[in-house]
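Here's the letter readout for the chains.
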Amino acid sequence: MPNTTSDFNPTEQETQPIERAARLKHVCTFFDGVQVLHDISLEIPAHGITVLVGRSGSGKTTLLRTFNRLNECLPGCRTRGSIHVSLKGQFMDVHGPAFRDAARLRIHIGMVFQTPDVLPVSIRRNIELPLRHALGLPQADIDERLQQALRESGLWEEVSERLHAPAETLSGGQQQRLCLARSLAMHPSLLLLDEPTASLDSVSARTIEALLQTLRRRYPVVMVSHSLGQALRLADRLVLMNNGRIQHIWNRQDGLPDAPTLETMLEDDTCCT
Amino acid sequence: MLALVGVLLRNGTGALGQALFFDSVPPLAAITGQVPVWDGIWPACVGTLSLLALTMLLALGPGIGCGIYLASYASPRIKALLGFAIDLLAGVPSIVMGLFGFTLLLTLRHSAAPNAGPCLLLASCCLALLVLPVLVSTTRGALEALPRQLHLSGAALGLCRWKTMRHILLPAAARGILSGVLLAAGRAAEDTAVIMLTGAVANAGLPAGLTARFEALPFTIFYRSSQYRDALDLQQGFATTLVLLALSLALLAAATRLQRALDQRWQGIRTNRPTQHADRHA
Chain L
1 MPNTTSDFNP TEQETQPIER AARLKHVCTF FDGVQVLHDI SLEIPAHGIT VLVGRSGSGK
61 TTLLRTFNRL NECLPGCRTR GSIHVSLKGQ FMDVHGPAFR DAARLRIHIG MVFQTPDVLP
121 VSIRRNIELP LRHALGLPQA DIDERLQQAL RESGLWEEVS ERLHAPAETL SGGQQQRLCL
181 ARSLAMHPSL LLLDEPTASL DSVSARTIEA LLQTLRRRYP VVMVSHSLGQ ALRLADRLVL
241 MNNGRIQHIW NRQDGLPDAP TLETMLEDDT CCT
Chain W
274 MLALVGVLLR NGTGALGQAL FFDSVPPLAA ITGQVPVWDG IWPACVGTLS LLALTMLLAL
334 GPGIGCGIYL ASYASPRIKA LLGFAIDLLA GVPSIVMGLF GFTLLLTLRH SAAPNAGPCL
394 LLASCCLALL VLPVLVSTTR GALEALPRQL HLSGAALGLC RWKTMRHILL PAAARGILSG
454 VLLAAGRAAE DTAVIMLTGA VANAGLPAGL TARFEALPFT IFYRSSQYRD ALDLQQGFAT
514 TLVLLALSLA LLAAATRLQR ALDQRWQGIR TNRPTQHADR HA
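Same order as they appear, the protein sequences are chains L and W. Numbered according to my numbering, the first sequence spans residues 1 to 273. Numbered according to my numbering, the second sequence spans residues 274 to 555.
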C-alpha cells in the first residue's frame with residue numbers, strides 16, 4: 001500500500017503554513033560514539049536548491065542522509081535532535097510514530113548517490129521495482145509514471161526503444177539520469193542528491209546541471225557538491241560545512257560569495273573552527 | 274576429470290542398455306511399478322531421486338534461511354556463535370552422520386517409536402543435516418559478497434529490509450546461492466556412508482513410502498563393485514556410475530536453465546528490441 005497522508009498522526013503535524021521543505025533543530029549524529037554532526041540547525045526552503053559544500057569529512061553526506069534516516073542503515077549510527085520534513089503538505093517528525101519503519105519515510109524522499117547505483121536489471125525494471133514493491137502501484141500507473149519520469153529526466157528519447165536492455169549498458173551520465181528518473185517516479189516531496197555529477201565527465205555533468213535547473217521549480221532539492229563552480233551556479237541557498245558544523249549560510253537573493261572567497265574559506269582552517 | 278570419465282566410459286559403456294535398468298522386465302511395466310525389478314538399477318534411480326528430493330525439501334528452507342539470517346540480520350555475537358556451529362557441522366564426516374542417524378534410530382526404538390526402522394525419511398534427515406552447512410555458507414557468502422551500496426539503494430528507494438532482501442539482494446545473489454544448492458544436491462546424490470546406515474539396501478524395489486527402505490545409486494555402485502560375482506557385474510557397476518554422473522549433469526543443466534529463467538524474470542531483460550508501442554503496453 002502506498003503511504004498516504006491519511007496514515008500520518010495529526011499530533012505530529014504543524015498547522016502553520018509551510019514555506020519550508022525541511023527543518024533540522026540541534027541535530028547531532030554519532031558513529032560508534034564518535035560525533036560526526038554537531039548541533040546542526042538548518043531550514044530547507046520549499047523551493048530551489050540548497051547546496052552543501054565543505055571539505056571531505058566535513059559531514060555533508062551524513063547531514064544529507066539525516067533527512068531520510070539513511071544513516072541508520074550504517075552500523076553504529078545514532079542521531080539526536082529534531083528533524084521535520086514537509087510531506088504532502090504536512091510537516092512531519094521523521095522519527096515520529098508514523099515512521100517507525102523508516103521505509104515509510106523514504107518513499108517520500110528521493111535520493112541519488114554519488115556513483116550511479118542502477119540495479120543490475122533492465123532500464124524499465126529499475127523504475128518499476130520501487131513503484132511496484134515500495135508503493136504497490138498497479139501496472140497502469142507504473143507505466144504512466146515510468147514514461148513521465150523518463151521524460152522529466154530527459155532520458156525518454158534516448159531509451160524509449162530499449163527499455164528492456166540492461167541498465168548497465170547506459171553511459172555513466174545516462175545511468176545517473178536513470179537514477180534521477182527512478183527517484184522522480186516516486187513523486188518525492190524532497191530530493192536528495194549526493195554529489196550527483198562527481199563520477200561524470202564535464203558534458204554529462206552539464207546535462208545533469210541543466211536538468212536540475214528545471215527540476216528546482218518543482219522539487220525542493222538538497223545537494224552535496226565538491227565543485228564550487230557548480231555549487232555557485234546551482235545554489236539558491238549555499239551551506240558551508242566544516243568539522244560537522246554549519247559554518248556559514250548564504251541565500252542567492254542576498255548574494256552568494258564569489259568562487260575565490262569560498263575557496264579561501266574552505267582552505268582556511270581558522271575560519272571554520 | 275577426462276581420465277576419470279575415460280575410465281568409466283571404457284569399463285561401463287558395454288553394460289549400458291535396457292537390461293541395466295530393467296533387467297528382463299518390460300520398461301513400461303517397470304516404470305509404472307506393475308512388475309518389480311530385482312536385478313536392474315531402475316529402483317535405485319527412483320530411490321536416489323526420491324532421496325534427493327526429500328533431502329533438498331528438508332534442507333533448502335533452513336539452509337538458505339540461516340544463510341540469510343547470518344548475512345543480514347544476526348548480531349555479531351550470534352554470527353560468531355552460529356557460524357562456529359555451522360563450521361563444526363561442515364567438518365563432520367558422513368560416516369559419523371550415518372552413525373548419528375543409526376543411534377537416533379535406536380533411541381527412537383527404545384522410546385517414542387518402537388517400530389521405527391531404517392527408512393527413506395531417516396536417511397533424508399541425516400543427509401539434510403550433512404548438506405546444511407554447504408547451503409548456509411554459500412548463501413551467506415553470496416549475500417555478503419554483494420556491494421554494500423545495494424543495501425543502501427534498496428533502503429533509499431523506500432523498500433523495507435525484507436523487501437530489499439526479497440526483491441534486490443536475493444535475486445542478485447541467486448547465482449551464488451544456486452551454486453550452493455547444486456553442491457548440496459551433488460553431495461546428497463553421491464553420499465553412501467549416511468544412507469547405508471540409515472535406510473539403503475541392495476534390493477527393495479521402488480520406494481514404497483517415507484518409512485520404507487529404498488535402493489540408491491551410490492549404494493548400488495558400492496555393493497556391485499565390492500560384491501561382484503563376475504565381469505558383467507563389475508561392468509554394470511561402472512555403468513551405474515555413468516548413470517549417476519549423467520544424473521548429476523542433468524541436475525546441473527536443469528539448474529543452469531532455472532538460473533537463466535529466474536535471472537531473466539528478475540532483470541526484465543529481453544534480447545530482442547521491442548518497439549516503443551510494445552514497451553508502453555508490456
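Everything labelled a hint here was simulated from the structure, so no lab data went into it. Treat the numbers as computed from the prediction; the structure is a model and nothing was measured. Every residue gets a Cβ at the ideal spot worked out from N, C-alpha and C, and that includes glycine. Mixed in with the good hints, there may be bad ones.
Stated by the list, open to error - Pair ranges (Cβ atoms, derived):
#, chain 1, residue 1, chain 2, residue 2, range
1, L, V34, W, L535, 38 to 46 Å
2, L, A140, W, S452, 37 to 45 Å
3, L, S160, W, P335, 18 to 26 Å
4, L, V34, W, Q422, 50 to 58 Å
5, W, R283, L, S171, 29 to 37 Å
6, L, A140, W, W435, 25 to 33 Å
7, W, A527, L, S160, 52 to 60 Å
8, W, R538, L, S227, 19 to 27 Å
9, L, S160, W, L522, 37 to 45 Å
10, W, Q537, L, T264, 33 to 41 Å
Unchecked claim - Cβ-to-Cβ under 8 Å is the rule here; a few derived chain W residues that face chain L:
#, residue
11, A534
12, L535
13, W539
14, I542
Stated by the list, open to error - Part of the chain L face toward chain W, derived, beta carbon under 10 Å:
#, residue
15, R69
16, L105
17, R124
18, R182
19, S199
20, D201
21, V203
22, S204
23, A205
24, L232
25, P257
26, D258
Quiz item: Hint numbers the structure violates, sorted upward?
Solution: Numbers 3, 4, 5, 7, 8, 10, 11, 12, 19, 20, 21, 22, 23, 24, 25, 26, in rising order.
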